[in-house]
Every structure is written in structure tokens, then in C-alpha cells.
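So the sequences go chain by chain: A and B.
Note that full-length UniProt numbering gives residue 259 to position 259 of the first sequence, counting from 1, and the numbers run on in steps of one.
Note that full-length UniProt numbering gives residue 92 to position 92 of the second sequence, counting from 1, and the numbers run on in steps of one.
Hints are computed from structural coordinates only; laboratory data are not their basis.
Among the hints, erroneous ones may be present.
Unchecked claim - No farther apart than 20 angstroms at their CA atoms in a straight line, the calculated lysine to aspartate or glutamate pairs in the DMTMM-like style are these:
(1) K49/B with E9/A
(2) K21/B with E9/A
(3) K91/B with E118/A
As the list claims (entries may be wrong) - Sample of chain A residues lacking proximity to chain B, with all beta carbon distances greater than 10 angstroms (derived):
(4) Q24
(5) T79
(6) T129
(7) R148
(8) E208
(9) L228
(10) E233
(11) I267
(12) V271
(13) V286
(14) D300
(15) S317
Unchecked claim - From chain B, some residues computed to sit far from chain A (all C-beta separations above 12 angstroms):
(16) S54
(17) T97
(18) D99
(19) A108
(20) A136
(21) D143
(22) R164
Please read all numbers here as calculations on a predicted model, not as lab measurements.
Positions of the beta carbon are idealized from the N, C-alpha and C atoms, including for glycine.
What follows is the residue order along each chain.
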Amino acid sequence: MKKLINAPETVLDDALAGIAVAHQELTVDAENKVIARAGGTRPGKVALISGGGSGHEPLHGGFVGLGMLDAACPGEVFTSPVPGQMLAAAQAVDGGAGVLFIVKNYTGDVLNFQMAAELAGEEGRTVETVLVDDDVAVQDSTYTAGRRGTGATVFVEKIAGALAEQGADLATVAEMGKRVNAASRSFAVALTACTTPASGKPGFDLPEDEMEVGVGIHGEPGRRREKLRPAKEIVATALEAILADQPLAGGDETIVMVNGLGGTPLIELYVVFKEVAAVLADQGVVVARNLVGNYVTSLDMAGVSITVCKADADMLSLWDAPVNTPALRWGV
Amino acid sequence: MDTDLARTWVQAIAAAVDQHKDHLTQLDSAIGDADHGINMHRGFSAAAKVLAGSEPDTVGAVLVKAGTTLISSVGGASGPLYGSAFRAIGKALEVPTADSQQFAAALAAGLESVQKLGAAEPGDKTMVDAYAPAVAAFQLRVDSGGDFAAAAGAAADAAEEGMRATTPMQARKGRASYLGARSIGHQDPGATSTALIFRALAQTLEAR
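So here's chain A without its partners, still in its complex pose (with noise of 0.2 angstroms):
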């Protein structure tokens, strides 16, 4: 697989000069691989810090900024980013209100964020977390470590993000950010593997005419292999999905998220997009607001992930606050 790098063991290290030349209101640790505001925080606003395996840009990197996150830690390529990361991460952004951590629930990121929590707690700082875990494809049971953190994490991190702009505290930052997941269902189909950097194969092998249903944004192969059907199917099944697990009734308002996994044409989200609006809309559900794009990829995978949020007038009116970083900016 070909790849545009220098080593597959400089990816990371490459990746984030680039950010810091690139996104100069962004500052970039690169000893500590921390990308932080460049201004620092506010005094008295709660500090937002979210991170996670590299792979999934602009998740997270690029929603630091301005109604998002104050700083982000990014692993190495789908590996989580180690405890000494978020306490630096912490000390460069707290500004006395608290930290709030956005983990995804994956067991590496909670062991790191929580033992990262533990090491800010010895130092004094207020710190909560908030698990994202909206990933219906997984079944949530004592049989499994939990639902997976996936297109949520976006919808959380901005919406917490508009929230501490405001001024709010630590507890209303946290309660919002869970509220948001426990509204928020996700479902992903993928058409390829990813292929790391490090392995330069494709992580599993998928014959052309089949695709891998429910699948994860580290390359991990998901629950069922079916064979590829037109979009208007797929998207039946996503919904079914979604929708089987959190019901909307007409006249609920929605945030969805039609997010490419980083191989997948925008032409093509927008045709899945199409579905996605015309289902809802058989239900009365209202798509209050949109996105369509890539926002958390799983490298070069061809797929996409759907992400359905039942948003209160809360939320909504969070989500349209102003924003400024570099994957995601309005009302600038």
C-alpha cells in the first residue's frame, strides 16, 4: 500500500509539525504531543481535553479551538495517547475551573485517562470525564467492554465546547457532555480495510463485492460481512440500527452526522446523505442540523459512519454558537 510518509515510525511526529506550521493559533507540544490553543485558557473557563489513537483526523487536533476543545492528545496510529500526554495537557490549559476529559470508550483510552485523572487529581486539578460510547453495532452487555466512542465524540465536543465558552462550570460542562451521548446513536459500513502505516497491509481482506457491517473506526473488522448492496439499503440497515435502539417520534428534532472514514468520496456521503434525510423524514423526524464529511476517519478506510443525535433546544442552540478550529468553524 502506498503511502505519502517519510518512515511509517515519523508519521506521528511528521504530522503534528505540519499542524504547528499549518494552524499557527494552534501551539503544538512535540515533545509531550499535545496540541493546545495558542492563547491558553480563559481564566475561569472549564478546560476541555479530549484524545485519542491518531488515524482519525481531524478528530481530534482539529477541533481545538475557539467553542471546542482547549487541547487534544493524540496517540500513536490507533493507539492510545499515554497518561504523561493529558497531565501535560492539563497543566498547559487548565485555568482554574476544571478539566473535563472526552474519552471514547475504548479500554486503552479509559486506562490512560484514568490514570492520567488520578495523576491531575495529585496535583490538585478538578478533573471529570465524560465516556462516549454511542456505537450501536457493539452490544452494550457484560459480554463486551461497552459500546465504542465514535462520531458522538464530535457532537460532544462541541456542544460541551459552545457550553464552558458561555462560563459554565465543571458539573454543567460534564452533565451536558453525558447528555449529549446518552442522545446520540452511531452505526458504520465499511467497503475496505485501513492499512496502517506501520503494517502497510490492509488490516483485514475484503473481496470486492462485500462489505464489513458495524464496523470500528481502528481498522478492527465489525460484526458481519454481507454482500455490498445500493446505498438506500445500507442506509435502511444503519437506521434500523440506530433507531431500533433510540426511537425518535415525529416532530423530533435531530443533529445527524454522515461521516466518510477517509476513503470515501463526498459525492458519495452526500448520496448517502439523500437516504439518510428521506428516511427521517417518512418518520417526521426533523435534521435540524447537519454535517456531511470526513470528521473522525479511520485512515484510508472506504466507509462511512451515520450518527443520529436527538437534540433539545439546548443543544441545538450550543451547536450553533460560534466555533473556530480548523475542521470545524461558523458565526466567526
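Following the hints, put chain B in place on chain A, whose structure we already have.
Chain B in isolation, oriented as in the chain A frame:
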């Protein structure tokens, strides 16, 4: 076991992981995310390097340092899990030289810390499936009068048997659990790296 031997053990793990890193990654790509070999290699190389430049007073200090390095360099779930295990083993061995009985208790403390952090039980298809039988086998051999090397050999055999036994299991913890029944038929990468760690211990003690 003295401080030199503890250091040699960590170096032997680093060498074993280096040799088997492609195999670990290959196992992980079947039911995980294809980075276990790379992550373990990064962590144990760093630990061996840190130890090469230090002269700790106790066996425990060597292993705590190794554990701390793993936590700060591996990432993923294996960083905190192996890091905590080595830190817990080390904390139980604050002596210049540890006998086999002390080492058995320390291994058990390491297992306890892994299970506390990861909440995995035997049968969940994780490193615990190799680690738990290794601890039991080590203790059993010590109790029946075996020397340190014999106990370590028994632990390594038990870890490898436990590792092979993960193949027919359905994963209930970690990323492989997302696969449900599709995780059956694949050997667990975490149990495999744990078996490497116990085999490295046995070889270190045999070579003494």
C-alpha cells in the same frame, strides 16, 4: 533474584518481543487493531534502555522503573496493564535479593493489579488467561520444593498452555469483544505476549 537478574529479565523480554513483534501484530490484526507487536516493542525497548543506565538498589526498584516506563511509552490498554503489573510486582520486592517465595507473592500482586484495572476474569480471552495459570504454577512448584528456575519453567509452560487455550474462547473484554463470536478461533495477542514474558523469565533463570 537480584537486581542484575531483574534487569536481565527485562532485557530478555525486550529481545523476545523484538523477535516476535510481527507475530503479535499479526494475531492482533485478526481480532484487534494490529498494533500489539509495535506497542510492546516500543515499551520494552524503552524499559531496557532506561534500566541500562541505572543502578537501582532493589529488585523492586528495577521492576517499578520498568513498569513506569511501560505506562509512559506504550499507550493502548497494554501500557497501563503491563505497566501496573510490573509496578505491583516491584512494589512487593523492595529487597536486594528476592527468593522464590517472595517472587511468587509478587507475581500474584501483579496479577491482582491487572485484574483490578482491566476487570478481566479467566476465560475472557485476555492476558489473564496466561498470567493466572502461570502464577498458580509458579506457587505450586515453589511449595513442592522446586527451585526458582524450576518454578519459572513451570510458570512459562502454564502461560503457554493458557495462551493456546484462548483460541476457542469468545472475547469478553478488550477490543476483540466487539467481534462477538467472530473472535473465536484466534489466539489472544495479550495472552501471547504474557507467555513471552514468562518464557523470558524461565530462560533468564536457567542461564544464570
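Hints, one by one, checked against the model:
1. K49/B with E9/A: Between K49/B and E9/A the Cα gap is close to 18 angstroms, so the pair holds against 20 angstroms.
2. K21/B with E9/A: Since the Cα atoms of K21/B and E9/A sit roughly 15 angstroms apart, the hinted pair holds (cutoff 20 angstroms).
3. K91/B with E118/A: Given that 20 angstroms is the threshold and the Cα spacing comes to 19 angstroms, the pair holds.
4. Q24: Per Cβ check, Q24/A is outside 10 angstroms of chain B; nearest 28 angstroms; holds.
5. T79: The claim is violated: T79/A sits with its nearest Cβ about 4 angstroms from chain B, within 10 angstroms.
6. T129: Holds, since 15 angstroms exceeds 10 angstroms.
7. R148: For R148/A, whose nearest Cβ neighbour in chain B is about 7 angstroms away, the distance does not exceed 10 angstroms, so it is violated.
8. E208: E208/A is indeed farther than 10 angstroms from all Cβ atoms of chain B, at 20 angstroms.
9. L228: holds, 19 angstroms
10. E233: The assertion about E233/A holds, with a minimum of 22 angstroms to chain B.
11. I267: At about 29 angstroms from chain B, I267/A clears the 10 angstroms cut-off, so the statement holds.
12. V271: Label holds. Min Cβ-Cβ 27 angstroms, cutoff 10 angstroms.
13. V286: Per Cβ check, V286/A is outside 10 angstroms of chain B; nearest 32 angstroms; holds.
14. D300: holds, 14 angstroms
15. S317: holds, 35 angstroms
16. S54: holds, 19 angstroms
17. T97: The claim stands: T97/B keeps its Cβ more than 12 angstroms from every Cβ of chain A (closest is about 31 angstroms).
18. D99: holds, 32 angstroms
19. A108: holds, 21 angstroms
20. A136: Holds, because the least Cβ-Cβ distance between A136/B and chain A comes to about 25 angstroms, which exceeds 12 angstroms.
21. D143: At roughly 33 angstroms from the nearest Cβ of chain A, D143/B sits farther out than 12 angstroms, so the non-interface label holds.
22. R164: holds, 22 angstroms
In this structure, the hints that do not hold are numbers 5, 7, in rising order.
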